Each structure stands twice: as C-alpha cells, then as structure tokens.
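Chemist: The residues making up each chain are set out below.
There are 2 protein chains.
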Amino acid sequence: MSATGSRFVTITEVGTRDGFQAEKEQISVADKVAVIDALIDAGLRSVEATSFVSPRALPQLADAADVMAQVQRKPGVKLAVLVPNARGAERAAAAKADVMVGFISASESHCKTNLNKTIDEAIADFAQVVPIANQWGIQMHGGLATAFGCPFEGDVPINNILKIVGAYHAHGIRRIGFGDTTGMATPPVVTRTVEAVRNKFPDVQIALHFHNTRGVGLANVMNGLQLGVLEYESSIAGLGGCPFAPGATGNICTEDLVYLLHECGYETGIDLDKLILVAKEVEKIVGRQLPGQMMKAGPRLKLMSTASVRTAVG
Amino acid sequence: MSATGSRFVTITEVGTRDGFQAEKEQISVADKVAVIDALIDAGLRSVEATSFVSPRALPQLADAADVMAQVQRKPGVKLAVLVPNARGAERAAAAKADVMVGFISASESHCKTNLNKTIDEAIADFAQVVPIANQWGIQMHGGLATAFGCPFEGDVPINNILKIVGAYHAHGIRRIGFGDTTGMATPPVVTRTVEAVRNKFPDVQIALHFHNTRGVGLANVMNGLQLGVLEYESSIAGLGGCPFAPGATGNICTEDLVYLLHECGYETGIDLDKLILVAKEVEKIVGRQLPGQMMKAGPRLKLMSTASVRTAVG
Numbered sequence: 001m002s003a004t005g006s007r008f009v010t011i012t013e014v015g016t017r018d019g020f021q022a023e024k025e026q027i028s029v030a031d032k033v034a035v036i037d038a039l040i041d042a043g044l045r046s047v048e049a050t051s052f053v054s055p056r057a058l059p060q061l062a063d064a065a066d067v068m069a070q071v072q073r074k075p076g077v078k079l080a081v082l083v084p085n086a087r088g089a090e091r092a093a094a095a096k097a098d099v100m101v102g103f104i105s106a107s108e109s110h111c112k113t114n115l116n117k118t119i120d121e122a123i124a125d126f127a128q129v130v131p132i133a134n135q136w137g138i139q140m141h142g143g144l145a146t147a148f149g150c151p152f153e154g155d156v157p158i159n160n161i162l163k164i165v166g167a168y169h170a171h172g173i174r175r176i177g178f179g180d181t182t183g184m185a186t187p188p189v190v191t192r193t194v195e196a197v198r199n200k201f202p203d204v205q206i207a208l209h210f211h212n213t214r215g216v217g218l219a220n221v222m223n224g225l226q227l228g229v230l231e232y233e234s235s236i237a238g239l240g241g242c243p244f245a246p247g248a249t250g251n252i253c254t255e256d257l258v259y260l261l262h263e264c265g266y267e268t269g270i271d272l273d274k275l276i277l278v279a280k281e282v283e284k285i286v287g288r289q290l291p292g293q294m295m296k297a298g299p300r301l302k303l304m305s306t307a308s309v310r311t312a313v314g
Numbered sequence: 001m002s003a004t005g006s007r008f009v010t011i012t013e014v015g016t017r018d019g020f021q022a023e024k025e026q027i028s029v030a031d032k033v034a035v036i037d038a039l040i041d042a043g044l045r046s047v048e049a050t051s052f053v054s055p056r057a058l059p060q061l062a063d064a065a066d067v068m069a070q071v072q073r074k075p076g077v078k079l080a081v082l083v084p085n086a087r088g089a090e091r092a093a094a095a096k097a098d099v100m101v102g103f104i105s106a107s108e109s110h111c112k113t114n115l116n117k118t119i120d121e122a123i124a125d126f127a128q129v130v131p132i133a134n135q136w137g138i139q140m141h142g143g144l145a146t147a148f149g150c151p152f153e154g155d156v157p158i159n160n161i162l163k164i165v166g167a168y169h170a171h172g173i174r175r176i177g178f179g180d181t182t183g184m185a186t187p188p189v190v191t192r193t194v195e196a197v198r199n200k201f202p203d204v205q206i207a208l209h210f211h212n213t214r215g216v217g218l219a220n221v222m223n224g225l226q227l228g229v230l231e232y233e234s235s236i237a238g239l240g241g242c243p244f245a246p247g248a249t250g251n252i253c254t255e256d257l258v259y260l261l262h263e264c265g266y267e268t269g270i271d272l273d274k275l276i277l278v279a280k281e282v283e284k285i286v287g288r289q290l291p292g293q294m295m296k297a298g299p300r301l302k303l304m305s306t307a308s309v310r311t312a313v314g
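From first to last, the protein sequence lines stand for chains B and D.
Position 76, counted from 1, in the first sequence is what the working numbering calls 76; the numbers after and before it change by one each time, with no gaps.
Position 117, counted from 1, in the second sequence is what the working numbering calls 117; the numbers after and before it change by one each time, with no gaps.
Here chain B stands alone, though its shape is the one from the complex:
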C-alpha cells in the first residue's frame, strides 16, 4: 500500500452535476452557485458544475447557463461541464466553460437507454464537439459511463472501452474519466480495466469515478491508489443516487474521500473542515440526510470529554 507517500491527488467535485441532476426537487440557481463557490473556497480546483444536455431530457440542469454565469471564477479553478453533442458544446462555449467533458456509455444497452444512441453514434456526435472546443480554446476531457458494469448487460466488453478511449485519444484528449454509474466497480474489475487502458494508451491520464451503491466505493479508491491512479471524482456529502437502487448511496463522498487521502499521507489542497461545512449546507439544501460520514462523526482527533456520556461496552 502506497499509504505513506506524499503525492498529490486531484479531486474533481461532481456532486454539483451528478448529484443535483438526481434530485427530484429542483435546486435553485442561487443554491447551486453557493455550493460551487463554497467548494472552490474550500480548495477544490476542479468542479463539474453542470451538464449542457437537452433541458427537456434533464430539466434539473436546464439552468446550466445561469449557474455558469453566476459562479465566481478564480484563477487556477477549472469549471467542467458535460456536453453530449455540438449543440451542448455551443452552449458550453457561450457559458465560458473551462473544460468540456464527453460522455459515452461503455454498454450498448445503457448508451441506448441513456442517450438514445448506439456507441458508434455517440462517438460520431462527440466528434462534432471537437472543432467547437478547439475554436474556443476549451480543454476537452473524455468520460465513460457504465465503465465497470452495466445494470442491463453486466460486465462490459473491454473492447467497447478501448474503442471509446481510442476515439477520445484520436481527438487529442488525454484525460479520461471512468464512471461507475450504478456502483458495479470492484477492485479486480477496476484493475483489469485500468491495465487494459494503460497497456494500449499509456499517455492517457485516468480519473476514477466511483459510486458507493454497494458500499465498496472507498475500497475501490484504495485499490486505485495502489494502481497509482491519482485522480478521482466524488460528490460533496455523497450526493447522487441511482434510480435502480432505492435507499442506496450515490457517488463516493468528497469529504470522506479527502479524509481518507489526507490520513494516508496524500495532499489534495482541500481544507477538510471547510468541506464538512459545505456538506452540511448541502444536506440543508436537499432537505434530507445524505450518506457522508465525516460530517456526522467529525474529525478523527476532535476529542470528547469523558464526562459527556458513558459508552456502550465494547
């Protein structure tokens, strides 16, 4: 375990996109902007702020342009947005996004259900994004959904993954996120996926995006660190969910991830105490308890008085 190293891990906050899009109640633009501003103030330097998908398909994010217009921009902070096609890219460029992120499902049936396209069609549509991003000088990242399993198909063919990564790579994209959309990632599945991608595309920078649907999200991070992956995507307070698993948690939780990384000797540039305050605000905004644990338990070495309570034995 490289648990005592002193390396830097990059965290991209995705709760503001992957989390807010899953909320049934519409979150106001003001609340979304306040959360993003607070995250940046806590030290996040990469935030997936929203998604320029069809407002008809995803009304929760129909306010994407307003959110982008109101967030306080800071030097060194990158606001990323999802873009599925040319139309999304035009809107993202107009909103002065720092990064455009493609997303294509590694499973045909999920791609069809989620995007109403085949994988090849999704690849072709993303190709139309490229000249727009280049014209505006906007960085591009690639994203894969259901990279570690599909709820309709099970394990996804590694060739699908390599085809999508290859398409991104051919467009000059070198930072690619692998999304565990419904929480099917396990250490061996992640290991074989990362190794296959590295083997064919050694210059690709891999980011891992885990959901904690089956409780093993941070166990997967431990395995990712062991593989030398130093970039993760996570959600403040554990926002996000999965329509297939009622009561299940969503994305891995940013503040719990930061706690684990700091304890293991990694740097993130993030102030954990501030982050916990943001998580508590997010709970108030969505109006229910969220899965994050650090915001409930508090820092590891925040000591109690022995007078406070008699513990249960054991």
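Honestly, the hints are just simulated from the structure, not real lab data.
Treat the hints with care, since some could be wrong.
[Said to hold, decoys possible] Listed next, the in silico BS3-like pairs over lysine-lysine satisfying Cα-Cα at most 27 Å (straight line):
1) D:K112 - B:K302
2) B:K117 - D:K302
3) D:K280 - D:K78
4) D:K96 - D:K74
5) D:K117 - B:K302
6) B:K302 - D:K24
7) D:K274 - D:K74
8) D:K284 - D:K274
9) D:K96 - D:K78
10) B:K24 - D:K302
11) D:K280 - D:K302
12) B:K200 - B:K163
13) D:K24 - D:K112
14) D:K117 - D:K163
15) D:K302 - D:K274
16) B:K163 - B:K117
17) B:K112 - D:K302
18) B:K274 - B:K284
Since we're looking at a predicted model, the values are computed, not measured.
With chain B fixed as given, assemble chain D onto it according to the hints.
Modeler: This is chain D only, laid out in the frame that chain B set:
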C-alpha cells in the same frame, strides 16, 4: 493488492452483540435467536452472540443466558461471548459458550469510562477468567477496545496495546481482536499497530474489528488484506452505532464485507444471497433503515430490463 488470491477469510459476526447492545429498544430473545440461527444457516461459523457483563450496566444484554440456551448449536460453529471478569466467566461457562472473549480498552480514560477500571485493573480482573475457562475447557480470545484511537485521548500509546496483548499472550491466548470502537482507524494507524504487535508477538492471530463511523471501514479492510490479515469482525446490516456520532454508521457491514471479499477472490464459506435476506430481517426487527448497501442494491450482476426506467445522464 492481493486481490486475486484465493484464500479463506474468517468473519466473526458481532452485530448480535455489538449491534444489539446499542439498540435503545429491547430486542426480544426470540428475535435475537432467530438472527443468530439465520446467520449460522447462511454460513457464519463464528458468532459473537452476546456479552456476560453486568445486566445493570447493559440491560440490553441481560438476556444473555436465554439467548445462549435457545440458539441451535451446530458442529463447527463457535458461539463467542464477551466476559469482563470471573462472574461473567461463570455465567458464560454455565451457558456453554464455545469462546470467552476478554475486552480491555487500550486507552486509560476509555477503560475508566467504559469499565470503571484502570487498564492494570482490567488485566487483573481478566486473569480471574482464565482458570474458569481452563476448568471448563473453553477457548479464550483477547479483545482490545479503542485499539486505533480513543475519543477522549486521541491516538493510543502503542505500549498500552503491547501491554494488553502481552497479558493475553501470557495466559496462552493467541487470537486477539483489535476494536475500532469509535471509528478512528485509518490505514496507516492500522498498519503501524499490526506491525508492532506482530513484531513482538509473531504467533498472535490478529482479527480486525472496524466501525464505519468515518466512512473508511472497508478501505481499512483493503489495507488489512494487504497486510495479510485474514480475520475480520463485522455486523449484519451494519448494526451498531456510536453514542458520540449521531447518524453515523456503526460496525462495518457483514454482507458488504462478504461482497467485497468474494469479488476480490477470497472465500468465506458464506452464502451472500442468504446473508442479504438476514440483513433485511434485521432491519425489520430494529424498525429502521440500516447502513448496509448490498441489501438495497442487490447483487452486482442481478440485471435489469432496459424497459424498467430511463437513467439519469452520466
């Protein structure tokens, strides 16, 4: 990561003790017995069934003898019970426990708060257990509370741990559980504790007992596996809690742990499908949602129909 090995990991279920003792509502003897019987039927071969502490101090477990009398005994299944002193040991022997487990806090202030003793006094009291266990031919295990941190003191002195382990060892005990009572374990803390114990007592079999209070319970298991520790204690459905962290989860969850281990190529002898059914029963018994994730999400490869629902994008 030794994630592709095919070794056997022993799991001791502790929810029936560590979990039920933390419930405010008294759980009936019939429900406790039904859960233990079902766990054994699912393949658990080591169950910490109850605790022979003072019924005045812990009324939730005042039914310890009744529970032990009614559980269906099976060859190869060991029912373990906590015993703090000679009086507890006499009761445990009368109840035909298979294993008596000592428990001593590694922190002076927690020992005082929890047991109303100094560590030295707790060690002396446990010494009175030994002849009783020997007389009845009952196996003994050692247990340490707050082994990875104390909510009153912070990090615990490694010398306290070595003193307690040394006392158990001198009594011939070779299986010792290290309890993360309030969820303060982190990979580096566990690594240095395991290494210090192994260095001084190479013949001690270490069992790790993690709580998920700060979300990193299964991350700690990944590190434990990396260290070669092949014995863990966990709670069905994630039963258990911590009086210092309202809303925080309790022990690591047995069925989530079994899922992780099986996916990583370890054997446990446990039927995960049956275990998930037990977890759902436990939720009904305590009358609230518990933290376990597998029982909500279902098996990784339980596939859905694409007709079921349109997923959120990403």
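Chemist: Hint by hint, note whether the structure agrees.
Modeler: Now the hints, each set against the structure:
1. A threshold of 27 Å between alpha carbons decides the hint, and for K112 of chain D with K302 of chain B the separation of about 19 Å falls inside it, so the pair holds.
2. Restraint check: the Cα-Cα separation between K117 of chain B and K302 of chain D comes to about 24 Å, which is no more than 27 Å; the hinted pair holds.
3. Proposed proximity of K280 of chain D and K78 of chain D is supported: the alpha carbons are some 24 Å apart, at most 27 Å.
4. Under the criterion of a C-alpha separation no larger than 27 Å, the hint pairing K96 of chain D with K74 of chain D is consistent with the structure, at around 13 Å.
5. At roughly 24 Å between alpha-carbon atoms, K117 of chain D and K302 of chain B fall within 27 Å of each other, so this suggested pair holds.
6. Our distance criterion of 27 Å between C-alpha atoms is met by K302 of chain B and K24 of chain D, whose separation comes to about 26 Å.
7. This hinted pair checks out: K274 of chain D and K74 of chain D have alpha carbons roughly 18 Å apart, not beyond 27 Å.
8. At most 27 Å may separate the alpha-carbon atoms for a hinted pair to count; K284 of chain D and K274 of chain D meet this at roughly 16 Å.
9. A threshold of 27 Å between alpha carbons decides the hint, and for K96 of chain D with K78 of chain D the separation of about 11 Å falls inside it, so the pair holds.
10. Only pairs whose Cα atoms come within 27 Å are accepted, and K24 of chain B paired with K302 of chain D is accepted, the gap being roughly 26 Å.
11. Using a Cα cut-off of 27 Å, the hinted pair K280 of chain D and K302 of chain D holds, with the two alpha carbons roughly 17 Å apart.
12. The suggested pairing of K200 of chain B with K163 of chain B holds, with an alpha-carbon distance near 11 Å, which does not exceed 27 Å.
13. Under the criterion of a C-alpha separation no larger than 27 Å, the hint pairing K24 of chain D with K112 of chain D is consistent with the structure, at around 23 Å.
14. Among the hinted pairs, K117 of chain D with K163 of chain D is consistent with the structure: their alpha-carbon atoms are about 16 Å apart, no more than 27 Å.
15. Restraint check for K302 of chain D and K274 of chain D: the C-alpha separation of about 15 Å stays at or below 27 Å, so the hint holds.
16. Restraint check for K163 of chain B and K117 of chain B: satisfied, since their Cα atoms lie roughly 16 Å apart, inside the 27 Å limit.
17. Restraint check for K112 of chain B and K302 of chain D: satisfied, since their Cα atoms lie roughly 19 Å apart, inside the 27 Å limit.
18. Between the alpha carbons of K274 of chain B and K284 of chain B the distance comes to roughly 16 Å, so the proposed pair stays at or under 27 Å and holds.
Checked against the numbered hints given earlier, the structure satisfies every one of them.
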